[in-house]
Amino acid sequence: MEYLDFELPIKDLQEQYEKACQIGEDSDVDVTNTCKQIEKKLAETKKDIYKNLTPWQRVQLSRHPNRPYTMDYIKAICGDSFLELHGDRNFKDDKAMVGGLGKIGDQSYMFIGQQKGYNTKTRQYRNFGMANPEGYRKALRLMESAEKFNIPVVTLIDTPGAFPGMEAEERGQGEAIARNILEMTRLKVPIIVVIIGEGASGGALGIGVGDKVLMLENTWYSVISPESCSSILWRSWEFKEQAAEALKLTATDMKKMKLVDQVVKEPLGGAHSDREKTFRSVASAIEKAYGEFKNLSPEELVDQRMEKYSNMGVFKG
Amino acid sequence: MSWFKRTKKGIQTPTEEKKDVPRGLWYKSPTGKIVDADELENNFYVSPEDGYHVRIGSKEYFQILFDDNKFKELDKNLESKDPLKFEDKKKYTDRLKDAQKKTGLKDAVRTAVGKSMGNDLVVACMDFSFIGGSMGSVVGEKIARAADYSLKNKIPFLLISKSGGARMMEAALSLMQLAKTSAKLARLADAKIPYISLCTDPTTGGTTASFAMLGDINISEPGALIGFAGPRVVKDTTGKDLPEGFQSAEFVLDHGFLDFITHRKDLKQKINLYLDLVQNQPLREKTA
Numbered sequence: 001m002e003y004l005d006f007e008l009p010i011k012d013l014q015e016q017y018e019k020a021c022q023i024g025e026d027s028d029v030d031v032t033n034t035c036k037q038i039e040k041k042l043a044e045t046k047k048d049i050y051k052n053l054t055p056w057q058r059v060q061l062s063r064h065p066n067r068p069y070t071m072d073y074i075k076a077i078c079g080d081s082f083l084e085l086h087g088d089r090n091f092k093d094d095k096a097m098v099g100g101l102g103k104i105g106d107q108s109y110m111f112i113g114q115q116k117g118y119n120t121k122t123r124q125y126r127n128f129g130m131a132n133p134e135g136y137r138k139a140l141r142l143m144e145s146a147e148k149f150n151i152p153v154v155t156l157i158d159t160p161g162a163f164p165g166m167e168a169e170e171r172g173q174g175e176a177i178a179r180n181i182l183e184m185t186r187l188k189v190p191i192i193v194v195i196i197g198e199g200a201s202g203g204a205l206g207i208g209v210g211d212k213v214l215m216l217e218n219t220w221y222s223v224i225s226p227e228s229c230s231s232i233l234w235r236s237w238e239f240k241e242q243a244a245e246a247l248k249l250t251a252t253d254m255k256k257m258k259l260v261d262q263v264v265k266e267p268l269g270g271a272h273s274d275r276e277k278t279f280r281s282v283a284s285a286i287e288k289a290y291g292e293f294k295n296l297s298p299e300e301l302v303d304q305r306m307e308k309y310s311n312m313g314v315f316k317g
Numbered sequence: 318m319s320w321f322k323r324t325k326k327g328i329q330t331p332t333e334e335k336k337d338v339p340r341g342l343w344y345k346s347p348t349g350k351i352v353d354a355d356e357l358e359n360n361f362y363v364s365p366e367d368g369y370h371v372r373i374g375s376k377e378y379f380q381i382l383f384d385d386n387k388f389k390e391l392d393k394n395l396e397s398k399d400p401l402k403f404e405d406k407k408k409y410t411d412r413l414k415d416a417q418k419k420t421g422l423k424d425a426v427r428t429a430v431g432k433s434m435g436n437d438l439v440v441a442c443m444d445f446s447f448i449g450g451s452m453g454s455v456v457g458e459k460i461a462r463a464a465d466y467s468l469k470n471k472i473p474f475l476l477i478s479k480s481g482g483a484r485m486m487e488a489a490l491s492l493m494q495l496a497k498t499s500a501k502l503a504r505l506a507d508a509k510i511p512y513i514s515l516c517t518d519p520t521t522g523g524t525t526a527s528f529a530m531l532g533d534i535n536i537s538e539p540g541a542l543i544g545f546a547g548p549r550v551v552k553d554t555t556g557k558d559l560p561e562g563f564q565s566a567e568f569v570l571d572h573g574f575l576d577f578i579t580h581r582k583d584l585k586q587k588i589n590l591y592l593d594l595v596q597n598q599p600l601r602e603k604t605a
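If you read the protein sequences in the order shown, they are chains W and H. Just so you know, we're using this note's numbering here: the first sequence kicks off at 1 and counts up by one. Just so you know, we're using this note's numbering here: the second sequence kicks off at 318 and counts up by one.
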């Protein structure tokens with residue numbers, strides 16, 4: 001298990017606890033009481049730390065190296081029923097964007113999401129979860145295929161942004177994202193969006209327009225990452241904590257502004273501390289959301305979705 | 318030590334006295350692995366040691382995909398004419414006769430309907446052994462009629478491509494089969510009937526420029542050659558050496574044109590899994 005800087009008190013206690021237990025095993029000293037005390041303190045410390053996370057700490061948690069990624073969710077939720085589909089039918093199979101069909105219960109869904117790697121090699125292979133235009137076009141192809149067969153769409157968002165590369169520009173990164181946003185506003189099947197990690201700007205919204213947008217508790221979603229915001233507005237990377245605060249990028253803030261529909265609770269200590277529990281709550285949130293839309297006609301569904309997005313924005317006069 | 322030293326150079330046994338293993342007992346894969354023919358058949362015609370997928374025809378694919386090898390063949394007796402009185406080194410009519418005699422097939426595609434894992438499936442499968450799996454009027458018409466059958470009976474359609482392209486001996490009539498088959502697939506798409514394209518070794522020319530690339534999913538087998546212009550043509554035209562793996566199924570997957578590549582032993586299960594998922598019906602058991 002890896003620890004973030006603000007989690008260090010937990011790490012210390014955890015180590016103390018393990019040491020005490022070890023002593024108990026190796027010698028005749030009765031450590032039951034000490035262990036219990038440390039255990040209690042550990043639980044309290046955890047509660048204290050995770051109850052009062054700052055926005056920046058949540059950003060850190062959203063990028064935790066042990067955090068589950070898109071494929072972890074899909075495989076846990078769908079099991080053997082998942083069939084991965086590849087390619088944009090145009091240029092490339094983008095490894096940063098994955099997708100395919102799978103079942104939750106008896107219902108088929110088309111899953112789409114950005115995929116990050118879990119070590120240096122796979123991070124490079126997945127381009128750090130930064131999709132190219134072909135990734136967005138692959139996503140759109142899968143969504144349109146789902147629409148054709150009346151299969152609801154679930155997108156899982158976890159990206160530091162769309163890839164800002166030269167070739168990406170040549171192939172129309174902007175156009176690809178724009179096209180997706182437009183088509184998603186009028187897709188005739190329910191779209192359920194879950195932000196499971198980082199939701200960076202257009203790169204996230206490119207698969208992020210939906211009837212129900214869920215945000216896990218320790219994720220962020222905004223127009224820019226706090227680091228980039230800090231470097232642009234403060235002209236230094238140093239002000240990322242302040243930027244994180246100012247951007248109002250946490251799940252609770254986003255819900256308050258009605259830019260997302262629901263916050264999904266994570267286990268104490270974050271999604272990675274109890275992956276199975278996280279997977280279960282995401283699966284049931286998806287099923288519940290689908291239940292709300294499955295009986296709407298395509299027209300009602302699209303009208304409702306368009307209405308929702310039409311109401312976003314704050315202004316005077 | 319002279320008893321194992323050859324005094325006479327070269328092989329002395331006359332050809333007629335050579336002992337040869339009867340043909341069909343063994344198969345040698347391109348990497349040099351030797352496989353017993355029965356073992357090969359039991360392993361879905363995949364060389365067990367190196368995973369090489371041997372080219373097979375409609376007979377074998379039907380056997381792999383249809384439950385208990387039971388199916389009803391459609392338009393069995395459709396045969397080619399020679400509308401252009403075409404003649405190259407050989408008359409087209411003679412070529413057709415020879416191909417029919419050699420292969421026991423009427424033309425380069427067979428179409429059938431049957432149960433696969435318990436559900437109806439229409440399969441059109443090309444035969445490369447018949448004039449390179451080339452597509453003329455008969456191939457186009459049989460595929461079109463199979464698609465019609467799918468449409469009328471609302472049964473998913475699987476097309477197994479294995480072809481060098483359009484049939485030169487029917488010239489522009491062949492070319493228009495691209496349009497004819499594509500039109501039928503458009504009808505299937507409008508009716509939202511799933512269409513799966515399986516590209517097998519080789520899928521080139523007119524087939525890739527029509528039905529082979531138009532599936533709701535396009536899938537393939539490991540190592541299959543898939544491309545529009547054949548590798549020799551590309552090489553001659555560009556004057557460049559082709560990179561290793563150029564136009565292989567893996568290359569085509571990486572370039573975004575295939576949904577997945579599957580080992581032949583999983584073919585039936587994967588196809589039916591896709592059909593269950595996309596039609597939102599309960600998953601069938603793997604055992605069938």
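Worth flagging that the hints you see were computed from the coordinates, not collected in a lab. Be careful, since some hints might not be right.
Claimed, not checked - DEER-style ranges, computed between Cβ atoms: (1) 485/H / 148/W: 47 to 53 Å; (2) 582/H / 259/W: 55 to 61 Å; (3) 599/H / 306/W: 40 to 46 Å; (4) 303/W / 358/H: 23 to 29 Å; (5) 347/H / 123/W: 54 to 60 Å; (6) 148/W / 414/H: 55 to 61 Å; (7) 366/H / 148/W: 40 to 46 Å; (8) 582/H / 11/W: 47 to 53 Å; (9) 259/W / 390/H: 57 to 63 Å; (10) 567/H / 36/W: 56 to 62 Å; (11) 36/W / 366/H: 25 to 31 Å; (12) 599/H / 169/W: 41 to 47 Å; (13) 549/H / 306/W: 37 to 43 Å.
Said to hold, decoys possible - Derived pair list, reagent style BS3-like, types lysine-lysine, alpha-carbon separation capped at 30 Å: (14) 557/H / 92/W; (15) 587/H / 288/W; (16) 92/W / 469/H; (17) 322/H / 407/H; (18) 585/H / 95/W; (19) 407/H / 294/W; (20) 148/W / 497/H; (21) 148/W / 552/H; (22) 432/H / 408/H; (23) 51/W / 258/W; (24) 497/H / 407/H.
Glycine included, C-beta positions come from ideal geometry on N, C-alpha and C.
**Report entry** Hint numbers contradicted by this structure
**Finding:** 1, 2, 3, 4, 5, 6, 11, 13, 16, 17, 19, 21 and 22
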